[in-house]
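Protein chains: 2
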Amino acid sequence: MYAFSNAVNSMHSEDIKLLMKQSSGKSMISFAGGMPNNDLFPVVEIDEIYNALPNDLKKLCFQYGPTSGFPPLVKSLEKILLKKGLPVDKNKILITTGSLQAISIITQEFVNQGDIILTENPSFVGALSVFETYQAEIHGIPIDKDGIDIDALKQKIASLDKKPKLLYVTPNYHNPAGIIYSPKRKIELLEVLSGTGIILIEDDAYSDLYFKEEEKYLTKSMKCCNDFDVEIIYTGSFSKILGPGFRLGYMLASPEIFEKAETIKQALDACTSNFMQILANEFINKNKLQPYLEFLRKEYAERKDLLQKSLEKYMPKEVTWNEPKGGFYIWLKLPNHIKSTDIFKESVKNGVVFVTGRTFDPVSKKDDRLRLSFANVPLEDMDKGVKILAEVMKEVFENRSKLKL
Amino acid sequence: MYAFSNAVNSMHSEDIKLLMKQSSGKSMISFAGGMPNNDLFPVVEIDEIYNALPNDLKKLCFQYGPTSGFPPLVKSLEKILLKKGLPVDKNKILITTGSLQAISIITQEFVNQGDIILTENPSFVGALSVFETYQAEIHGIPIDKDGIDIDALKQKIASLDKKPKLLYVTPNYHNPAGIIYSPKRKIELLEVLSGTGIILIEDDAYSDLYFKEEEKYLTKSMKCCNDFDVEIIYTGSFSKILGPGFRLGYMLASPEIFEKAETIKQALDACTSNFMQILANEFINKNKLQPYLEFLRKEYAERKDLLQKSLEKYMPKEVTWNEPKGGFYIWLKLPNHIKSTDIFKESVKNGVVFVTGRTFDPVSKKDDRLRLSFANVPLEDMDKGVKILAEVMKEVFENRSKLKL
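Here the protein sequences come in this chain order: R and A. Note that the first sequence covers residues 0 to 404 in numbering that gives the first Met the number 0. Note that the second sequence covers residues 0 to 404 in numbering that gives the first Met the number 0.
Please note: incorrect hints may appear among the correct ones.
[Stated by the list, open to error] Capping the alpha-carbon separation at 25 Å, the derived lysine-lysine pairs in DSS-like fashion look like this:
(1) K16(R) - K259(A)
(2) K287(R) - K58(A)
(3) K344(R) - K16(R)
I should point out that these hints are in silico values taken from the structure, not numbers from a laboratory. Small disclaimer: the values here were computed from a predicted structure and weren't measured.
Modelling step: build the complete structure from the supplied sequences, incorporating the hints.
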């Protein structure tokens, strides 16, 4: 029941309705869940940490903490971010109740009703829903395998009557597109933004989940090497490296942005749970994080390999995709004139769920893609699920061809 | 260090500056902390619950949950609220990340910049800070020992050019005033609001902390017996009955209000921590809550008695107060022309901290009172602290008299 509620969290509302109708009583193979696998959580490690907490620290778990975050966790994060090359000396960390809260705070800080926010198209649906809730005007910019389309971005900025307040991007193992920005594209992006006054939100929930050590360098944040005149707010999350149930995220921003963000955070939930912050901090300080990340990278790489192989085995040749270098997702491209919603309707009937492309379009329109998550589907279902999906696709493609004749 | 950061959370910014200056290196007796005592948290019970969690449930702790709340906790809360007479059948529960988030959500749902919100004066400083952050125009209505001043409320509503959107009240063991609304005053309040379209927020963080069983009936919510044409949103919290570190609260509202609130909640932090919700739900279902509340009532009643006795023993006769029937606070009234800020300046020098009256005034002005919390001051310091405070007061009063001569 809860797994189901979770799985549908990031789905398009129309798709959920259809799923509800079709799935009653049926067991589904779901490629929809954009969350970590329940069986991979560090339950044993957290057990150990919890039961080893000194009594005073355990009591503190139950208490209010400072709005900006539990100070020892802030210190631990500073060390981690410093290792990643982030400029923690000139910036401040605000601990947030999940990184979505960071996005919400930034939006409240900078965006009034009707203001323009630029996003990638496709974009993380959670962020889109924040921007919509605050009634921003969202403009999506296409992406390719190396990142945001620079020409399209330039044209968009030039075409607008007023300056966009924010550009929101997820350069590492993009959700849903699975891509990672090339180093060149990052520089080009900063060049375009330089001097425009458009604030860049660099949302980095997945960078620790690279598959190959030798490709880790690709995850380097733009905020690390910002020689341009661009204000960058970097956001991060514990959701993919500890568990979304902790609701722990953070933002790294200039002291001026931090200060106002802290006031907004105070008015949102006073402070983030000390309980969750203390467990997370001990997880880092007892040297559990790095071994756990190594385990996760291996696990998710294996899952990606499995999905990749099944796709190669079954997918009709008209369907294409980029093999991801990290993260949770493979983003299938359908042939022209085929909508992922059409595939979805049939695939649900046959017991397979995924997230349709239009879900990630700011205007719910562009629908030539579909997102498969390999993070959360049971291993034994993966091959079978892809086979069913491929058969559904072939049928839909054939019917479409017949209609054309 | 953290205790200090916590204690100052609800203090006036000017008072914090002074405290920082005066307190360096000195040990302080603090009546300022409006949070539960660290030594009273149900650490042993939560240990037991955590270690008895079935493995599947423990895994679920780490996962996302539905935005509206972990369904079994919603069910448990429904039962609790039903027992309190609340109309759970016609309303819906939204679990929030602390009850402050509920207030934040309601404000976002109903209030635009410049809209009017009515509050009690004094009022809970956390709520005032939310209303300020969303740039509402806040009008404070005086209260007396039985609740909000009905005539003042009527006059205020009549005097305003536009209809206030909300009236925010904390009828049970008011923070800071320590009072509880009389049943008569509750009815009068509903009569005044009936048909005006002003939404009533009934914030009820303290009702479980009554000192005498025979006075429990006084805590009955207005939402229980709302025969009037008033929309009431009821908010509650686990902060005072489990621990603020859980960041768990909730709102009970009509399905229409709930629906929009859920969308806003989705954009604030996606969902409240499953980890915290699951522990809280087990705490209720393993029958730990009621015994723990009985323990807390006894503990806080004893602390109140101690503070009451010390006040009777030392306070100059010009200082008056109402003995509270529950909650955390005693609200001292100073003689005319004496400001609590003047007392604060001297008392900090002498090692005693409290929260000044103006902190709770929407316009930071009215300053003839001061708040003493008996919840969190070490028992052995209480008498000594009151003695010092009383001496400081006498000196300030005398100096003031001399100036007058």
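The hints, checked one at a time:
1. Under the criterion of a C-alpha separation no larger than 25 Å, the hint pairing K16(R) with K259(A) is consistent with the structure, at around 19 Å.
2. Our distance criterion of 25 Å between C-alpha atoms is met by K287(R) and K58(A), whose separation comes to about 17 Å.
3. About 11 Å separates the Cα atoms of K344(R) and K16(R), which keeps this hinted pair within 25 Å; it holds.
Of the numbered hints given earlier, the model fails none.
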